[in-house]
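Peer 1: Work out the full structure, taking the sequences as your base and the hints as a guide.
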Amino acid sequence: MTRHIHIVKVHHLTLSFPTRKDPNPKPVLDDVDFGIRDGEILGLIGNSGSGKTMTSLAIAGLLPEAASISSGQIKFAGEDLLAMTPKQRRAMLGKDIGMIFQEPSTALDPLMTVGKHLDEVLTAHMESPVSPEDRHKKIVEMLETVGFTDADEISSRYPHQLSGGQRQRVLIAGAALLKPRLLICDEPTSSLDTVTTVSILALLKELCHKFRMTILFISHDLSAVRGFCDRVMVMRDGKIVDKDTTSDILNNPKNSFTAELLTNARLDTHILGLKPAAVDYSKSPVLKAENISAGYGKSLFDFSKRKRSAEKPDDYILHDVSLEIFPDEILGLIGGSGSGKTTLIRSILGLLSHTGTVNIKSSSIGVIFQDPVSCLNPAHTIKWHMFEALKASRKAGAIKSSLTGAARKAEDLKLITAMLEKCGLGAEHLMRRPNELSGGQRQRVAIAMCHIQEPALIIADEPFSSLDASSSAELLKLMTDINRERHTSFLLITHNIHIVRQVCPRVIVMNDGRICEEGLTSEVLNAPQSECTFALLEAERLIHG
Amino acid sequence: MSRSRKTNPTAYRSPEASAFYTVGFILLGIVIAAFLVSLFWTPYAPDATDAASKLMAPCASHPFGTDNFGRDVLSRIMAASKYTIFISVAGVFFALLLGIISGIPAGYYGGITDRAVMLLGNSIMCFPGILLALVAVAVFGASVTNVIFALGLVFAPTFARVCRTGTMEIKELDYITHARVMGVGPVRLMTSHIFPNLIPQLLPATVIGLANMTLFESGMSYLGLGVQPPDASFGKMLADAQAYITVAPWLIVFPALMLIFYILGLYFISEGLRVTLAKGAKR
Amino acid sequence: MQHSVTKILVFATASVTALGSLAACSKKPDDSNSATVGITQEPAVFDPHTVVAAGDEEIIYNIYEGLLKFDHQGTLNPCLATEYEISDDASVYTFTIREGVKFHDGSDLDANDVVYSLKRAAGLLDGQDNVALVSELDSIKAVDVTSDGKVQVTLEESNTELLSYFTTGIIPEGYDNCQAAPVGTGPFKFDSYNPGLSVVLVKNDKYWQNGLPYLDKVTFKVCADMDTGLTELNNGNIDIFPYLTADRAAQLDPAKFNTLSNGSNMVQIFALNNSVKPLDDVRVRKAINYAVNRKDIISVTMDGAGVELTTAMSPAMGSYYDTSLNGTFDQDIDKAKSLMAEAGYENGFDITCTVPSSYLIHVNTAVELASELKAIGINLTIEQVDWATWLETVYTGRQYETTVIALTSTYAPYDVLQRYISDSDGNFINYNNPLADDLLRQIPVTTDPAARTELYHKVLGLLTEDACSVYLQDPTTITVVSTRLEGYYVYPMYVQDMSTVKLSGN
Amino acid sequence: MQSKARYLAGKIIELLLTLLVVSWLVFAAFSIIPGDTARVMLGPNASEAQVELLREEMGLNRPLLSRYGSWLLGLITFNPGTSYAYNVGVGELMAQRLPVTIGMSVIAMIMVILVSYPLAIISARKPGKLGDQICSVIGHILFAIPPYVASLLLILLAGSVFSLATVGNYVKPSEDFFGYVGCLLLPSFAIALPKIAMSFKFLRSSIIEQRTSDYVRTSKSHGLSDMKILIRHVLPNSNVSSITIISIILSDILGGSLIVEQVFNLPGLGRLLLSAISRRDFPLLSGIVFYLAFITVLLYFISDIAASLADPRIRLK
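Residue numbers (our numbering), protein chains in the order written: chain A, 1 to 545; chain B, 1 to 283; chain C, 1 to 506; chain D, 1 to 317.
Hint data in this document are derived by calculation from the structure and do not stem from the laboratory. Just so you know, even glycine gets a beta-carbon here, dropped at the ideal spot from N, CA and C. One or more of the hints may lead you astray.
To be verified - Straight-line C-alpha distance at most 20 Å; calculated DMTMM-like pairs for lysine to aspartate or glutamate:
1. D:Lys220 to A:Glu103
2. A:Lys116 to D:Glu14
3. B:Lys171 to A:Asp371
4. D:Lys129 to A:Asp22
5. D:Lys220 to A:Glu65
6. C:Lys374 to B:Asp231
7. A:Lys95 to A:Glu79
8. D:Lys11 to B:Asp114
9. D:Lys126 to B:Glu16
Unchecked claim - Distance windows between CB atoms, simulated:
10. D:Pro127 to A:Ser71: 26 to 32 Å
11. C:Thr259 to D:Pro127: 54 to 60 Å
12. A:Lys239 to D:Pro127: 29 to 35 Å
As the list claims (entries may be wrong) - To spell it out: a stretch of chain B is covered by chain A in this simulated footprint if at least three of its residues, at any positions, have a beta carbon under 8 Å from a beta carbon of chain A; those stretches are:
13. 25-37
14. 181-190
Peer 2: Listed below in structure tokens is the structure:
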């Protein structure tokens, strides 16, 4: 096959989803025109619905049945793809064009072993019969290439026995098995944690060089292309709005939309100037947890397992963790996924049986969770939520009230309205239900609920991870305000180093169920002592700059 | 997540769901209208016999014909709808009650409570079809009350399962953890935090339960173990009509149609609910 | 892909239809020398002395024979006894035993077999504690073989009415396994019993009546109810089906089936428990009698095939029946209402009717009664119970208010009326009239036939006057017989005599 | 391997526990029945002494627990006593009737699979299109027709249109196997109809769900043909979820056959059950009820095991 400058050339492609009711809808792809150079890594960036996935599917020939291409051409290595029969196009898939997708957890058939998945690719494109042994050899080789040391064993495993990163590697192995010339990667890392993301990107880059592959890399996150892509295209509403080299896009965007995307992605610019309260470390701590070890309980009838777990403390997720939180303090807690952060707070909150002691100098602890969708009860109004919080704290004896009946109710309502107001929510939100609020608003309600109970400590478990930058910044501002004004301590769990740097005077780093480093933020982050802290910082730096 | 969306997800209608609702409510409406009218008026007394005009084909004075006692089929169908509706509603209510009070704690506490409730529920579900209800009625005698209790018992595990699974999912959600951390007690958690969120799951199950309950009830009446004569029920009317299957087909056609209308109407509504809730959840 | 899938579908549909046509061709005309009789009751008892249910009697009539035997006209004929003698005071019966009769097991019938059988029936055998298996024969004091080989039965007291009970089956001496393996002298031998399905009888080649029976095999097939019987008839699975209603019989093709009918000599009664309020008031009972329209009941339940009754005996009983009572209780709502008012129930009352659910005719009658009684303000609730419960609570326990049932009887008129003696076991309506008791006690000891008839008439008159219950009808037995058979007679009793049945044209 | 064995062991314990509870339920139901069994058996004319004698003989005077023990022992040894009404062993009676009920259930199940699978596959190919919608609407209607009503309508249809004799011509399998299958076809069809609808509906949505799943997309990107994807991925995965549904359908079919037998006058377990009910034949009744439940428990057990064999994920749970 001859080499072309552009392995893929998309000429003025327009694509829409016509229905009987609306034969000429707004096109999903509007006059898209670009080329992918042979051997390059091209980034394709855009918000959801911008048409980036449709573009890739059009190239691969996997468009949904309802889609209709009204004009344009797609050429792959000089051949017109749209003129081909479905069978011809199918023959190219896997062989000339490989694809990997966003969600590795569901992208593999749960009933098939890894080996069978890969074998399927081989058999589908076999021109002459290849013996099973040869095929197996090839599969094992490929698995080793994508970084499995125990490739032979991996090939007999089922998808559920693999971690997310491992699955993505298997998918990459499948897509790259026949050394296709083009690899389309549709958000391959967006459901992986930062450390894994870095390693997957490294792998893709390596394969790109090794097999002389071209990569079309699709992402909604502009920062993800840093250090990975050669060129970047930005899409918006089915059009390509910007096209440039990666460094130009990131450092001096010419297009206003690109610039907007860029600022939105960077939280650090929003949160400059937030000041937490000053901490007096000589005071006695609000929370003192000592030697906490915990694991998840076994089912009642599983006697055999239970016995073993008593003998083998290895089943524990948390090993001997101790920590203190002082009044007025915002303590940062960072660590990779699976490091035991969530288990730790569940133990502190008493939701999980554990060994060790937890001493809390407060009648109640407030919590804010990661997921703004499930943090509020969808069946009830915001008013109900607030009253519920108030009632619960009254029952616990935290807040006393001498009033009774209607008067008390009116008093409470006033209190609630004031509290919501303080958290940036007007009285009109009282009668709304959680699904009528945005994610940031819901997190505010959660804070308000905590706050109305006047706890000495609020634990916030990744409260920003599903919020955009501006909402995160507003939320963070609210938290620091509360911290300063009400002297409420926070335990803030996050993966965002910028935030930790900005608001936490002290930080704890966890890895593998243990605290691996602990100290003043400036010291820990600037001169990490332990390897895991270093790895964490390095990954963050690579991804988020 | 836009701020402007104020619609309740359950109020969302897709064209598919509206079609289901329209047909469902029309079919159900026919039966319910027959029932409501029968409370105040029927063309003839439903169990008034008239030997002179027996087995009459549909005509002006008896639009649906008469049976072998000369009773007006239309009047009897109207009266029968009362039992069909009453038994299905009362039975489902009883089953729901049992299901909720056993299923939610089972899902919430887990462990031995869960095991015990599920074991009992599974054991009840191991009796195929209406066997258990038949036996219960055989043992305690055929009467409307016994049929309701027997069918309620048979259907309770279905609802218990829905409640249990739902509770298990919901109790893991952050807002329940949040409430627990706030200090809300288990009873209040189950009643006002968890239960309202089970309603979207229970609603289609309840409607389907009504339909299935009617299937079972009419089957039992057909076998003579349900509503007792001279009271009319669709199943018993069909059983009596079997003897006249060739000479008086209207005795089969009209009760069968009403029965199918009722069940089908409920199925369509539950189908609509299912579509609506699925769409609502997606949004 | 679509192609192959469509192929699978076509194949699936084709295989279903192919199998479907198999079902159609499995039916072929039956020309074997056998007949199948549909029965609606599960046969349970094959012992001629313990049999209670009429349904069992139907079958074992062909297996066992008594000293005497009824024919289809209700005449009592000699059978295993060639002749009999009754002493003047009617306390000693003497039978001459027929010779040359063989049991199904090959042994010969002799007087000792008869003595054993009668003693067993009367509870006189050792270890029976004097509990009669056939309660009517309880009055037998002794059974002996006379010197000339006759059998002499001695009674505790005179009884002119006992003759018809000597139809009780005779079994070989010492034989006690009638339930599992019935042995008698009848025209058919017991072959097999498939519970819930059928009873098969085969020809008794050594039957004492020459030439009988004609058929080689008779199957009694259990049909769930009358309607299944009807469909089975239509399908040609059964040849004879008794106890159809007229409207159902009318649905059958007259070219394929003959419809025979006969009075059943049954008395269908709307029984009123005379000892519960408000039924203890004769005016209430009379009011109910006047409120009932017997003609409509017969029309609804039997499609008109029945004889209206106003008293405790069927007109089929001939001279014992008192024709002067006809029309006593013709429907008269006004009269009924005024009687109700007189008794203090102008607003009516609620009452329950407990009926055995297995008998459609009684359930239907109750339904019609409920509708008719509304006219005088009586609100009749129907409670269906299974047969066992009915026997336990209604018949034996007498814990009921009203019920509907048919009283079957042999041709003995005394059998019909003795239940009205106040302390009789069969007096489940709790009728209590000393005058009637007295009259009824005189009957067995009265030897003059005319005087006896007179006594019967007096008793019937009393029963009507007291309106002890509501007598409804003598339902006509309608039996449908396939035209491939002939020689079938409808008996006025609950029996199927298959001995005279043969294939048409043979 | 070990996890598989442990899963199996757990399932067997669950099976035994369920059976134990089922036996309690059945025994309890029949122990609290009103009415004197011995009196019912002997009829109204028996003396109190005779009744007492029988009670003693039947062990009705023994304590509840000891009666339960011997009853359970009888069940386990497949010798659950003697029917009051027939005077025949319950096991023998049930064995006579089993061919009808089991035959009908098996034929109905075959029909369900033969019809619903192809229809679901075709329907799911183009969801929302006319063919799919027609199938779905018919499915809903079939779903709403009770089996006995379907039976009545089929009898009417077969009798009046095709002049087929449909009722009561039961042929024993030992006499004429094809005749046996033939006579069970129509009743099986009546039971199968709503279940075809149920299985169609389930399979259709399951296939649609699988077809749009991520791993199908992966396979497509590997260049597999639609047919291969259907056979290798979509059907195996929807089968895994159908196994449970199929066991529920089988149990429903078993229950449905009890009524349909009555309509078609077939000598199966259903009619035996009804006659046992109407004659208060409790040894027979409890035997039928327990063994039917036993069959169902077994079905669920087998389906669990089958699901665990088909789905590697279950073994680890």
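Peer 1: The structure should be examined with respect to each hint, and the outcome stated for every one.
Peer 2: Hints, one by one, checked against the model:
no., hint, result
1, D:Lys220 to A:Glu103, "holds, 16 Å"
2, A:Lys116 to D:Glu14, "violated, 34 Å"
3, B:Lys171 to A:Asp371, "holds, 15 Å"
4, D:Lys129 to A:Asp22, "holds, 17 Å"
5, D:Lys220 to A:Glu65, "holds, 14 Å"
6, C:Lys374 to B:Asp231, "holds, 15 Å"
7, A:Lys95 to A:Glu79, "holds, 15 Å"
8, D:Lys11 to B:Asp114, "holds, 16 Å"
9, D:Lys126 to B:Glu16, "holds, 16 Å"
10, D:Pro127 to A:Ser71: 26 to 32 Å, "holds, 29 Å"
11, C:Thr259 to D:Pro127: 54 to 60 Å, "holds, 59 Å"
12, A:Lys239 to D:Pro127: 29 to 35 Å, "holds, 32 Å"
13, 25-37, "violated (count 0)"
14, 181-190, "holds (count 5)"
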